[in-house]
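**Student:** From first to last, the protein sequence lines are chains A and B. Under my numbering, read the first sequence as residues 3 to 310, first letter to last. Under my numbering, read the second sequence as residues -6 to 617, first letter to last.
There could be a bad hint or two in this list.
Derived DEER-like restraints, expressed as beta-carbon distance ranges [as the list claims (entries may be wrong)]:
1. A:G19 - B:A269: 31 to 37 Å
2. A:I277 - B:R565: 50 to 56 Å
3. A:N190 - B:D346: 33 to 39 Å
4. B:R569 - A:R116: 26 to 32 Å
A few chain A residues facing chain B, derived, Cβ under 10 Å [claimed, not checked]:
5. V181
6. V196
7. E208
8. P283
9. G300
In case anyone wonders, no lab produced these hints; they're calculated from the structure. This structure is a prediction, so every number in the text was calculated from the model and none was measured. Every residue, glycine too, gets a C-beta built ideally from N, C-alpha and C.
In case you want the letters, here they are:
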Amino acid sequence: MSSQTAATPMIDVTVDGEVVQVPEGATLLDACRTKGADTPTLCYLETLTPVNVCRVCVVELEGSRTLVPSCSRAAYHGAVVETDSPRVRHSRKLVLELLASTVDLSRASGDVKRWMDRYDVDTARFGPAAAPGERDGRDPGHHHASDGATAETVAQPVKIHDEMYVRDYSKCILCYRCVEACGEDAQNSFAIAVAGRGFDARISTEFDRKLDQSACVYCGNCIGVCPTGALVFKSEYDHREAGTWDEAKQNVTRTVCPYCGVGCNLELHVQANEIVKVTSPMDHSVTQGHLCIKGRFGWQFVQNRGSE
Amino acid sequence: MPADERARMDLKLLPVEASADERAAVATVFESPSEVPNTDRVAREGLTEAKARRHLLLPALHAVQKAVGWISQGALNEICRRLIVPPAEAYGVASFYAMFSTTARAPRVAHVCDDIACKLAGADAMCATFERTIGPPGTPSADGRATWLRSPCLGLCERAPAVLFQLAGSKNADDDTIAPATVDEIEQVLNGATVPAPAVGSTPQTSGTREPGLRLLRRVGVADPTSLSAYRAAGGYDALGRAIEIGPAQAITEVSVSKLQGRGGAAFPTGRKWDAVAKAAETPRYIVCNADESEPGTFKDRVLMEEDPFAIVESMTIAGFAVSAERGYLYVRGEYPLATARLEGAIRQCRADGLLGADVMGKGFVFDIELRRGAGAYICGEETALFNSIEGFRGEPRNKPPFPVEKGLFGRPTVINNVETLANVLDIVLEGGAAFAGVGTDQSTGSKLFCVSGAVERPGLYEVPFGTTLAALLERAGGVAEGRRLATVLLGGAAGTFVSPAHLDTPLTFEGTRAIGASLGSGVVMVFDEAADMRDIVLRIAAFFRDESCGQCVPCRVGTVRQEELLQRLARDGARPSPAAEADLLDELARVMRDASICGLGHTAANAPQSAVTMGLFGGTGHE
């Protein structure tokens, strides 16, 4: 980025006893990564405004009473940070345990699995998972207390309402990424928001209307930023359900979208000579990973060989 | 085409029309003469008019809820069309608050408090009666016109058990409370009758022989709280006059010298807030009075607002004068209808008398106050959540820094003070900061309001100088009721801690309570005798935090659920594998909530449960 030219003043931050230099305006997370400290993140994404809600990236900052979220805390000259103190390890472990005991993380990235191993995550200690249930339309400020024998989860029926999206909120960690991508950080559609409160908070359209009756424009950018597979392309979902999804057998081909003149880069994920999903590279200067409905979903004609 | 029309075209609205009543209700928000125009934000901040109007979302939702009893798709649509807010976002806001219903609901609702103090006063039996006569919470009555719900603390603990009525669909019936309430009275109101408020006072020190030396309560029971002339006759507006005399800089100095600390729970030095905002380069600046008192067991601010509302208006005006802010926001708990009405009346009279407006007291400075009602969300008492709530967003706390003095309401430098904190400013300005600091102790200056409730002979709001011991305070309240034995005291509210009778000699100061690992919090002193079912009480606290977590951050959203489950197991003797192991797990949950949550709700959600377990109030399962 042009903002980080050679002229940007550098500041010193001490991470785990080692002084590293980061440009002014960097975050503590930048400093941790500069030092090479493997810092877990879930809600953070380079292309979105940090919301610092997952709290897995917390570090100990000298002078601060509580731990601080490294993804959004500005670094300053002389800051002293610990990323592997007992307090940090405890909070990261518990955050991952609280999430993993609540949410189906089976589709989260390999990074998440690595962090769960590193912090010795044990989800069983909160008890066996409670039965799944309906979560839409719960009233804020009221809940039925359980007897504690089981651990409440967000398990709920999967939402399949059209041929493009599947929303499986049993896998949702409420990281707000989809809301941001749908809103001011990318698409400006504002079709979804967080509704409800507390443990019953959920990603929702107005009155939980189906997406095709909402402001959704099917750009697929919410799917593109989802870290846990809660939002998934229907094409991918169908393959997975049929047991035919096999990333080892997929080729990813980078190309340019043929529709308009913007020049968005596409990554075609092809399995057995069939396009199974389309993404865009996060580091592409035009898209930053985001696309529109045409680039994302308008590729069926490529495979329409039968009529030739 | 005007910018608003273009923006409206981009909005995908619901294909549902609002009813005439709903449209009329939304329209009132734009017509209300009490609405201070905020169009200067458009010009100064370069916002579209739509963005500058977003702050009307909460008032618009209130208007519809009041008119028809719930927020229908058509009503939400009308609000979104007029305010240019995406429906998904408006739904996210509406579904955040307990006093709004996004599903059809009977127009007359009794919110029956089943929180701690009311539980001690028999609330569970009342709820059981309604379960029988009406049905489970939310069930419409036989005629479909009424229903009942359980409610968290309504801030009427000194007169428990309490009930709040939301009465929709009638211009003649305002929301109301009854405390103490009986099943009979609640049923009458649900059937449309009017029940006179019980004639029980909240301040024992002002009834009968008036106690000398009262400061914060000096006008309570003396000056008619609905009359500006009565307020002025009792010394009202002398302080603003004095502040103008000494000037803004000296007013701030006096507050700093007084060592006044915030009375909302965090005990931050008030003078430092004022000073920082006065020195901030950015304008406009704002004064916000945090009157969203919702900490279970707390009712001090409610009593001040009901009994001395002009004092709040005057002290906010002094704050505005001191830091050069031209507008103040008064954010009052939605569950406080009487306080709201009294404050609205006070603001109206002060405006009419030139004590608010474009030329305050004829001294050439501008200050006006806008009142905003909360809608049932404890978290909105957190200062940054409160800003979001006023601005028309979900009441989710913001990450700090930046702090409110730098980026507060509408992103501008903001002084946010609790009601009781502000009330102290009048004396500070009048008698000087040094004299004020002479009251109380060196580190805790002035007097303090304590909300004494539960098993005492004379529950109520008590004003004592800082340093009074817990024992002496309880003695003023007549000691444990019916001569029973004291079991424990909940100090500081649900976010506070249980303390044992061994700590009765603790001086009630910030430093004194800190020394025993407790905190004054919001001034709650809730007393439990040996007959109290402490397991039930602690479970209610755990349920409270689970209900009131905003849901934003993982430690609090899930931690409060796991905490409640754990305590349920302990209470049912289903510990897994042992009570000691559960106590260890509770400690682990407490640590992550304290260390890694975004705001004070998560930081303190485990305080009371953990102290209860440690003290063995859960049946000797503790480690002590």
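**Student:** Look at each hint and say if it fits the structure.
**Tutor:** Hint check results:
1. A:G19 - B:A269: 31 to 37 Å: holds, 34 Å
2. A:I277 - B:R565: 50 to 56 Å: This hint holds: roughly 55 Å between Cβ atoms.
3. A:N190 - B:D346: 33 to 39 Å: violated, 47 Å
4. B:R569 - A:R116: 26 to 32 Å: Given a distance of about 29 Å, which is inside 26 to 32 Å, the answer is holds.
5. V181: Where the cut-off is 10 Å and the nearest Cβ of chain B is about 9 Å from A:V181, the hint holds.
6. V196: At 5 Å from the nearest chain B Cβ, A:V196 passes the 10 Å test, so the hint holds.
7. E208: With a minimum Cβ separation of about 4 Å from chain B (threshold 10 Å), the hint on A:E208 holds.
8. P283: violated, 29 Å
9. G300: violated, 21 Å
Comparing the model with each numbered hint stated earlier shows that hints 3, 8, 9 do not hold.
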